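Top to bottom, those sequences are chains A and B. Anchor point for the first sequence: position 111 equals 111 in my numbering, and the numbering is continuous, going up by one each time. Anchor point for the second sequence: position 109 equals 109 in my numbering, and the numbering is continuous, going up by one each time.
Everything labelled a hint here was simulated from the structure, so no lab data went into it. Please note that the accuracy of each hint is not assured.
[Unchecked claim] Cβ-Cβ distance ranges computed for the label pairs, FRET-style:
1. A/Asp23 with B/Ser199: 53 to 61 Å
2. B/Tyr195 with A/Asp61: 51 to 59 Å
3. B/Gly222 with A/Arg57: 28 to 36 Å
4. A/Asp54 with B/Ile51: 43 to 51 Å
5. B/Ser199 with A/Ser21: 53 to 61 Å
6. A/Asp61 with B/Ala223: 36 to 44 Å
[Stated by the list, open to error] A few chain A residues facing chain B, derived, Cβ under 8 Å:
7. Val48
8. Leu50
9. Phe90
10. Pro102
11. Thr105
Note that the structure is a prediction, hence the values are computed from the model and not measured. Positions of the beta carbon are idealized from the N, C-alpha and C atoms, including for glycine.
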Amino acid sequence: MIRLEHITKQFNNTVVLRDVSLDIPEGETLAVIGRSGSGKSVLIKHAVGLLTPDEGRVVVDGANIHEVSYKELRRIRRKFGVLFQGGALFDSMSAFENVAFPLRTFTGKPDGNIRSRVEACLEMVQLPDIGKKMPSELSGGMQKRVALARAIALEPKYIIYDEPTSGLDPATSNHIDELILSLNERLRVTSIVITHDMHSVLAIADRVAFIHKARIAWSGTVDDIHRSDHKSLLDFVRANEYVIGEQTSASEVSLHP
Amino acid sequence: MTYSLTWFLRPFTILGKYSLLIFHAFVSPDDFRTYRKNTFNQMMRIGVESIPIVALAAAFSGAVTTVQVSYQLVSVFLPATVIGSVVAPSMILELGPVVTGFILAGRVGARIAAELGTMRVTEQIDALEAMGLNSISYLIAPRILAGIIMFPMLYVAACAIGIGGGITVANLGGYLTTQEFVQGAQDFFRPFDPYFGLSKAFVFGFIITSVSCYMGYFTAGGAEGVGKSTTQAAVMSCVFILIADLVLAVTLL
Numbered sequence: 001m002i003r004l005e006h007i008t009k010q011f012n013n014t015v016v017l018r019d020v021s022l023d024i025p026e027g028e029t030l031a032v033i034g035r036s037g038s039g040k041s042v043l044i045k046h047a048v049g050l051l052t053p054d055e056g057r058v059v060v061d062g063a064n065i066h067e068v069s070y071k072e073l074r075r076i077r078r079k080f081g082v083l084f085q086g087g088a089l090f091d092s093m094s095a096f097e098n099v100a101f102p103l104r105t106f107t108g109k110p111d112g113n114i115r116s117r118v119e120a121c122l123e124m125v126q127l128p129d130i131g132k133k134m135p136s137e138l139s140g141g142m143q144k145r146v147a148l149a150r151a152i153a154l155e156p157k158y159i160i161y162d163e164p165t166s167g168l169d170p171a172t173s174n175h176i177d178e179l180i181l182s183l184n185e186r187l188r189v190t191s192i193v194i195t196h197d198m199h200s201v202l203a204i205a206d207r208v209a210f211i212h213k214a215r216i217a218w219s220g221t222v223d224d225i226h227r228s229d230h231k232s233l234l235d236f237v238r239a240n241e242y243v244i245g246e247q248t249s250a251s252e253v254s255l256h257p
Numbered sequence: 001m002t003y004s005l006t007w008f009l010r011p012f013t014i015l016g017k018y019s020l021l022i023f024h025a026f027v028s029p030d031d032f033r034t035y036r037k038n039t040f041n042q043m044m045r046i047g048v049e050s051i052p053i054v055a056l057a058a059a060f061s062g063a064v065t066t067v068q069v070s071y072q073l074v075s076v077f078l079p080a081t082v083i084g085s086v087v088a089p090s091m092i093l094e095l096g097p098v099v100t101g102f103i104l105a106g107r108v109g110a111r112i113a114a115e116l117g118t119m120r121v122t123e124q125i126d127a128l129e130a131m132g133l134n135s136i137s138y139l140i141a142p143r144i145l146a147g148i149i150m151f152p153m154l155y156v157a158a159c160a161i162g163i164g165g166g167i168t169v170a171n172l173g174g175y176l177t178t179q180e181f182v183q184g185a186q187d188f189f190r191p192f193d194p195y196f197g198l199s200k201a202f203v204f205g206f207i208i209t210s211v212s213c214y215m216g217y218f219t220a221g222g223a224e225g226v227g228k229s230t231t232q233a234a235v236m237s238c239v240f241i242l243i244a245d246l247v248l249a250v251t252l253l
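All chains, please: the whole structure from these sequences, using the hints.
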C-alpha cells in the first residue's frame with residue numbers, strides 16, 4: 001500500500017502541493033487528474049522518492065521512504081515500474097536493450113530468458129518488431145509504448161503512469177487502457193495514473209483524485225463524479241472531448257462517450 | 001541581506017554538492033559487471049577516440065616549440081642541442097599535460113556534461129533512480145575512472161608525439177639532427193619529470209571528468225540548461241586545470 005500523508009512541496013516560493021494526503025490500497029487503480037501545472041507529476045515523483053517533501057511523508061508497505069537508508073529505498077523502488085511522461089528511454093540503447101536493462105541489471109537471468117521476456121513485453125505493447133531500433137528512430141507514441149514495456153518488464157507490484165496515452169492515436173490509447181486493465185486483473189498491480197484523458201479514467205480507474213490549487217480538491221469513484229457539484233472538477237471534466245451531450249450546467253455533465 | 005548571504009555561501013554549497021556527488025559515486029555500487037562494462041565503454045570514448053586530436057595538438061606544440069626555441073635561444077653562445085634540452089622537458093612537464101588537458105576539457109568535458117545534462121532534462125536519470133539503481137554510481141564512477149586511467153596514457157602519447165613533432169621539424173627545417181636533439185634532451189633529463197607529468201595528467205583527468213559530471217548531473221532548465229552546463233563544464237575544467245597546474249608545480253617541484 002502507498003500512503004502519502006500531508007505532503008507539502010514548494011519550488012522557489014511557489015507552493016505546488018499543500019497538505020496533500022492520498023491512500024492507494026493494493027490492487028487499486030487511482031487516476032490523478034488536474035490541469036497542466038497542477039502538481040500531478042510532482043506528486044508521483046514523491047511516491048517513488050524522486051522528490052523529498054518539505055512537509056509530510058510517503059509510506060510504502062509500512063516504510064517511510066524518506067527515513068530508510070538509500071540502499072533500502074532502492075530496494076523499495078524496485079517494486080515500482082514508472083512510465084515517465086516523455087518515455088525517458090535511454091537514447092544510447094536500442095528498444096530491446098531498454099526493455100532488457102532492468103532485467104539484466106536486477107535479475108541475473110540467462111540471456112535466453114531475458115530475450116523471451118523482452119519479446120513478450122514488446123508484444124504486449126504491440127511493438128514486436130522494433131527491438132533493434134534506437135529511440136530516435138521511433139515516434140513519440142512508440143517511444144512511450146517501449147517505455148511501458150520497460151516499466152512492466154520486472155512485473156512490478158506498483159506501476160505509475162505519467163500521461164500514458166498522451167500523444168497516442170485513439171486505437172493505441174484504447175490498447176494501452178486495456179493493457180493497464182489486464183495488468184491490474186492478472187497481476188493485481190496497484191496503479192497510479194496521471195492523465196488528462198477522461199476516456200482513460202472512465203476505462204481504468206477505480207478511484208479518481210482531482211488536484212486543484214495545490215490540493216486534492218476532490219476524490220471519489222468514477223461514479224461519484226456524476227453526483228459531484230464541485231465546479232472546478234466539472235469544468236475540467238466538461239472540457240474533455242469525450243464528454244458529450246448538451247451541457248448547459250454542471251449538473252448535466254455526462255461522463256459517457 | 002538574504003541574497004548577499006546566499007551569494008556568499010554559494011561556493012560552499014557547490015563544493016558541498018560536488019564532494020557529496022563524488023562520495024556517492026564510489027559508495028554502494030550495485031553491480032560490478034555493469035560498472036566494468038561502462039568503464040570500458042567510457043575508456044574507449046574518453047581515451048581511444050581522443051587520440052587523433054591529442055596527437056595533432058601535441059605534434060604541432062612540439063613542432064612550434066622547436067621553431068621558437070631555435071629562433072629565441074640558438075646563437076653563437078648556445079649550441080643547437082639546446083632545442084632538445086628545452087623542447088623535451090617542456091613537453092614532459094607542461095605542454096604534454098596542459099595541452100592535453102585543455103583539448104580534453106573541450107572534447108571530453110563538454111561531451112560528458114551534454115550527455116548527462118540531456119539525460120537529466122529528459123528524465124532518464126529519474127528513470128534510473130526509479131528502477132532502484134544508484135544513478136550517481138552508474139553514470140559518474142565509470143566516467144571518472146576512465147578519465148584517471150586514460151588521461152595519463154594520453155599524456156604519454158602526447159609527449160612522445162610532441163617530441164617526435166619537434167624532431168621532425170628540427171630535421172626538416174635544418175635546425176639540428178635527430179642525434180643532436182636526443183643528446184640535448186638527455187643532457188637535462190631528470191627522472192622525476194615524467195612522474196610529475198603523470199601526476200598532473202592523473203589530477204587533470206579527475207578534474208575534467210568530475211567537474212563535467214557535476215555540471216551535467218545537476219543540469220536544470222531544458223535545452224538551454226544543457227547548453228549552459230556544457231559551456232560551464234569546458235570553462236570550469238580549464239580554470240581548475242590552471243589552478244591545479246600552479247598548485248602542483250609549487251608543491252612538487
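Consistency of the hints with the structure:
1. Between A/Asp23 and B/Ser199 the beta carbons are some 58 Å apart, a value that agrees with the proposed interval 53 to 61 Å.
2. A hinted range of 51 to 59 Å for the beta carbons of B/Tyr195 and A/Asp61 is consistent with their spacing of about 55 Å.
3. For the pair B/Gly222 and A/Arg57, the supplied restraint of 28 to 36 Å holds, since their beta-carbon distance comes to about 31 Å.
4. Between A/Asp54 and B/Ile51 the beta carbon distance is about 50 Å. The supplied range of 43 to 51 Å therefore holds.
5. Our hint of 53 to 61 Å for B/Ser199 and A/Ser21 holds, since their Cβ atoms are close to 57 Å apart.
6. In this structure the supplied range 36 to 44 Å holds for A/Asp61 paired with B/Ala223, their Cβ-Cβ distance being about 39 Å.
7. Against a cut-off of 8 Å between C-beta atoms, the interface hint on A/Val48 holds, since the closest Cβ of chain B lies about 5 Å away.
8. Nearest Cβ of chain B to the Cβ of A/Leu50: about 5 Å, under the 8 Å cut. The hint holds.
9. For A/Phe90, the shortest C-beta to C-beta distance to chain B is roughly 6 Å, which falls under 8 Å, so the interface hint holds.
10. The interface hint given for A/Pro102 holds, since its Cβ lies 5 Å from the closest Cβ of chain B, which is under the 8 Å cut-off.
11. Taking 8 Å as the C-beta contact cut-off toward chain B, the hint placing A/Thr105 at the interface holds, the least distance being around 6 Å.
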